[in-house]
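One letter stands for each residue in the lines below.
There are 2 protein chains.
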Amino acid sequence: MAIRLFETAEFEARVARVKERMEKAGIELLLVASPANQFWLTGYDGWSFYTPQMVILAADEAQPIWFGRAMDAVGARMTVFMEEANILPYPDSHVASAEHHPMKRLAEIVEERGWAGKRIGVEMDDTYYTARWHAILTEKLPDAEFADAFLLVNWARMVKSEQEIQYLKEAGTIAAAAMQAAIDKAEVGVRQCDVMAEVYRVTTAGTEAFGGTFTCKPPNAMVGEVCAAPHLSWSDAPLIDGDLFYIELGGCRHRYHAPLSRCIVLGKPDDRMDFVANVIAEGLDAVLDTVKPGLVCEELAAAWHAVIERHGIEKDSRIGYPVGIGYPPTWGELTCSLRAGDRTVLQEGMTFHCIPAIWMESYGLTISESFVVTGKGAETFSDFPRKLFEK
Amino acid sequence: MAIRLFETAEFEARVARVKERMEKAGIELLLVASPANQFWLTGYDGWSFYTPQMVILAADEAQPIWFGRAMDAVGARMTVFMEEANILPYPDSHVASAEHHPMKRLAEIVEERGWAGKRIGVEMDDTYYTARWHAILTEKLPDAEFADAFLLVNWARMVKSEQEIQYLKEAGTIAAAAMQAAIDKAEVGVRQCDVMAEVYRVTTAGTEAFGGTFTCKPPNAMVGEVCAAPHLSWSDAPLIDGDLFYIELGGCRHRYHAPLSRCIVLGKPDDRMDFVANVIAEGLDAVLDTVKPGLVCEELAAAWHAVIERHGIEKDSRIGYPVGIGYPPTWGELTCSLRAGDRTVLQEGMTFHCIPAIWMESYGLTISESFVVTGKGAETFSDFPRKLFEK
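Protein chains in written order, with our numbering: chain A, 1 to 391; chain B, 1 to 391.
Just chain A, with the same shape it has in the complex (with noise of 0.2 Å):
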């Protein structure tokens, strides 16, 4: 059986867009470690990446390859575009194995190929590149030049296809649908579990249209003195009069993100949250009727701005950053910056999480958007009202 995403000659069109930054960055061989980057580069979309695998183009090579553990090529069969001859499977007894390393096989099929003494672009700072895969590699190909190629395909994937921007409008879809499934239960009794439970059975079954699936990471979802922090997480307490439920979810469609956010206070906002609240909706709106292709990212934040400092709010971090495919820890492409100082040229097709997150001593408050840049400006991927929620 076959599972395909994307017709072949999108993928071609992926492999000539990353060939054409490996010539300017003289780079003859691309060793891909982002598990995202190999979705995106070949269709492989498999939970298999807490073992190392990894996606090889070559320059001269009209195919990537596949390398990954034998019992994922099964799954690589059933994703992949390449042909049979590029899914290539290392044994089982490299697994967790102090004397094997999957870097070792990967060295000699380097060198078995002919590659030894080409330059290498490897991606230093993602995650899944590890300081001992590298060592592993140096080591073992001591003719080859490694060069820096971090975010050199994550940048190749900012302009989106459009089966890939149908995926993301499916995906806000569901965050829509999420996002009302927290607003209806959440109430004074309520546990903060329970509300978020609600929260994954939507973003699970998706809609009657098309069903829904895991994301690559949690909401950032926060109640009460909890708020004052980013990154922490709901509990079991049951929420209680006052409460602020912070909401910073997503939705996923075949892998690709679209996140939204939106806060529920428990009762009535006292005036500094909700006139917070007001200016938040009020910077976003701006910021979504700034964007136009040729406009520059900074230009964005300055929109957001312009309209914080009119109400005396002061807030220096990013409002935002590309999103599309995600897999743990972030649905980020890790790419450009909405922030002042960022030039990167907005561009059809290119897609953005706007998040501007205000945080105060005790608390935070967000209402945040994804969309596509058009020709007509931005189109977001949910339809959800954009304001401080009351239960």
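For the record, the hints were derived by calculation from the structure and aren't laboratory data.
Just so it is clear, CB atoms sit at the ideal spot from N, CA and C, and this is done for glycine as well.
Keep in mind that a hint or two might mislead.
As the list claims (entries may be wrong) - Once the Cα atoms are required to be at most 27 Å apart in a straight line, the calculated BS3-like pairs of lysine-lysine come out as:
id : chain 1 : residue 1 : chain 2 : residue 2
1  : A       : K118      : A       : K140
2  : A       : K387      : A       : K315
3  : A       : K169      : A       : K24
4  : B       : K376      : A       : K104
5  : B       : K292      : B       : K185
6  : B       : K387      : B       : K185
7  : B       : K19       : B       : K118
8  : A       : K376      : A       : K391
9  : A       : K185      : B       : K185
10 : B       : K387      : A       : K140
11 : A       : K315      : B       : K104
12 : B       : K104      : B       : K118
Said to hold, decoys possible - So these bits of chain A aren't anywhere near chain B, every CB distance computed over 10 Å:
id : residue
13 : I165
14 : R201
15 : G212
Claimed, not checked - Here are a few chain B residues that face chain A, going by a calculated C-beta distance under 8 Å:
id : residue
16 : G75
17 : D92
18 : D194
19 : Y200
20 : G206
21 : P218
22 : R310
23 : K315
24 : S317
25 : P329
26 : T330
Fit chain B to the supplied structure of chain A, relying on the hints for placement.
Same frame as chain A, but now just chain B:
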């Protein structure tokens, strides 16, 4: 507010255990990149490890140091057992920046504290210790001697405390409830994603007595032909008569995971499937009956092999691994394995996931249990029938 999952004395005992191992390995300063190890050593649990963070343990300092993003120091203050002076934030300008890198700041701290000439242990093959981190640290600290301390803390984590076992039992109760929800929901005509939505709902809600939460990885759950690929995923197709639904899921309580696996067949299993499922159940029972302190891991694997060989089945990969704290990409502790050749001695308080799956041409079957080694043998965390379920 303070979130304390363990007594301070327990953290101090953990630190002492690690320092003993450091001394044996001749390591004077340990840099801990693994979020699971960081949580175990300090109590810090936040989804902030997508930006660099480290726990520093010096042989000559009583408490560990938490080093992370300024924004996350708020969450560190709420969760760690250490004093305020041992929380060292770096500014947001170091996030996703080409010039600044948090590891440069970390090297400065090591320098400032007089550790630059020490023997420094780093977790070379941990997912979160990238090649770039290591390159920066070795470049900025040329007088230090770097040693591979991969798994040093993981080994120290193996014997669990009473409180840890309590959390694992709660996780096992949640896992059983989630599995029951899947079995209840699975029916011909129901979409695969709707079955998984029930798993997620229950995993997150937990029980009436205690809440659930997110797990560090999705269930390995596949249906029909995809069952031949161990790490692919379910889809939104409706279940059809004869489908096999393979589910390896986990319950989670305060980051402690208890995995549990069962398979569901829609309709009647054929003779072969029925036979193999019975062999797996018998083999798993044999392993659990064998468990006692003082045996070595490979003796558990041998108990399994004796059963399946008697039935004419061969399987050479490992049948289990230690389990406990989980952060992506795995809930495995990465130390020993239940397989031939592993001479790790079982001790009271060690916890394992025994997952004897058998992969055939077109599908895989498994029945698994998580358990703690006690003086009386294996005590499983879930109480759930060990069989192939028919719906």
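The hints, checked one at a time:
Note on K118/A and K140/A: the hinted pairing holds, with a Cα-Cα distance of about 13 Å set against a maximum of 27 Å. Under the criterion of a C-alpha separation no larger than 27 Å, the hint pairing K387/A with K315/A is consistent with the structure, at around 19 Å. Restraint check for K169/A and K24/A: not satisfied, since their Cα atoms lie roughly 33 Å apart, outside the 27 Å limit. At roughly 43 Å between alpha-carbon atoms, K376/B and K104/A are farther apart than 27 Å, so this suggested pair is violated.
In summary, the hint linking K292/B to K185/B is not supported, as the alpha carbons are separated by about 37 Å, beyond the 27 Å threshold. For the suggested pair K387/B and K185/B, the alpha carbons sit about 18 Å apart, so the restraint of at most 27 Å is met. The hinted pair formed by K19/B and K118/B meets the criterion: a straight-line CA distance of about 15 Å does not exceed 27 Å. In summary, the hint linking K376/A to K391/A is not supported, as the alpha carbons are separated by about 36 Å, beyond the 27 Å threshold.
Simply put, K185/A and K185/B have alpha-carbon atoms about 22 Å apart, close enough for the 27 Å limit, and the pair holds. For a cut-off of 27 Å, the pair hint linking K387/B to K140/A is broken: about 47 Å separates their Cα positions. The hinted pair formed by K315/A and K104/B meets the criterion: a straight-line CA distance of about 25 Å does not exceed 27 Å. For the suggested pair K104/B and K118/B, the alpha carbons sit about 17 Å apart, so the restraint of at most 27 Å is met.
Non-interface status of I165/A relative to chain B is upheld: no Cβ of that chain comes within 10 Å, the nearest being about 19 Å off. With a closest Cβ-Cβ approach of about 4 Å to chain B, R201/A is found to fall inside the 10 Å limit, against its non-interface label. For G212/A, the non-interface assignment is contradicted: its Cβ lies about 6 Å from the closest Cβ of chain B, within the 10 Å cut-off. Here the hint on G75/B is kept, as its CB sits about 3 Å from the closest CB of chain A, short of 8 Å.
For D92/B, the suggested interface contact is upheld, since its CB lies about 5 Å from the closest CB of chain A, less than 8 Å. Because the beta carbon of D194/B sits about 5 Å from the nearest beta carbon in chain A, less than 8 Å, this interface hint is met. Interface hint at Y200/B: satisfied, since its Cβ lies 4 Å from the closest Cβ of chain A, which is below the 8 Å cut-off. Interface restraint check: G206/B against chain A, minimum CB-CB distance 6 Å, threshold 8 Å, status holds.
For P218/B, the suggested interface contact is upheld, since its CB lies about 4 Å from the closest CB of chain A, less than 8 Å. A hinted interface residue such as R310/B counts as satisfied when its beta carbon comes closer than 8 Å to some beta carbon of chain A; here the least separation is about 23 Å, so the hint is violated. For K315/B, the suggested interface contact is broken, since its CB lies about 11 Å from the closest CB of chain A, more than 8 Å. Using the Cβ-Cβ criterion of 8 Å, the hint placing S317/B at the interface with chain A is satisfied: the shortest such distance is roughly 5 Å.
This hint holds: P329/B has a C-beta 4 Å from the nearest C-beta of chain A, less than the 8 Å allowed. Taken as an interface hint, T330/B checks out: its beta carbon lies about 4 Å from the nearest beta carbon of chain A, inside 8 Å.
Checked against the numbered hints listed earlier, the structure breaks hints 3, 4, 5, 8, 10, 14, 15, 22 and 23; every other hint is satisfied.
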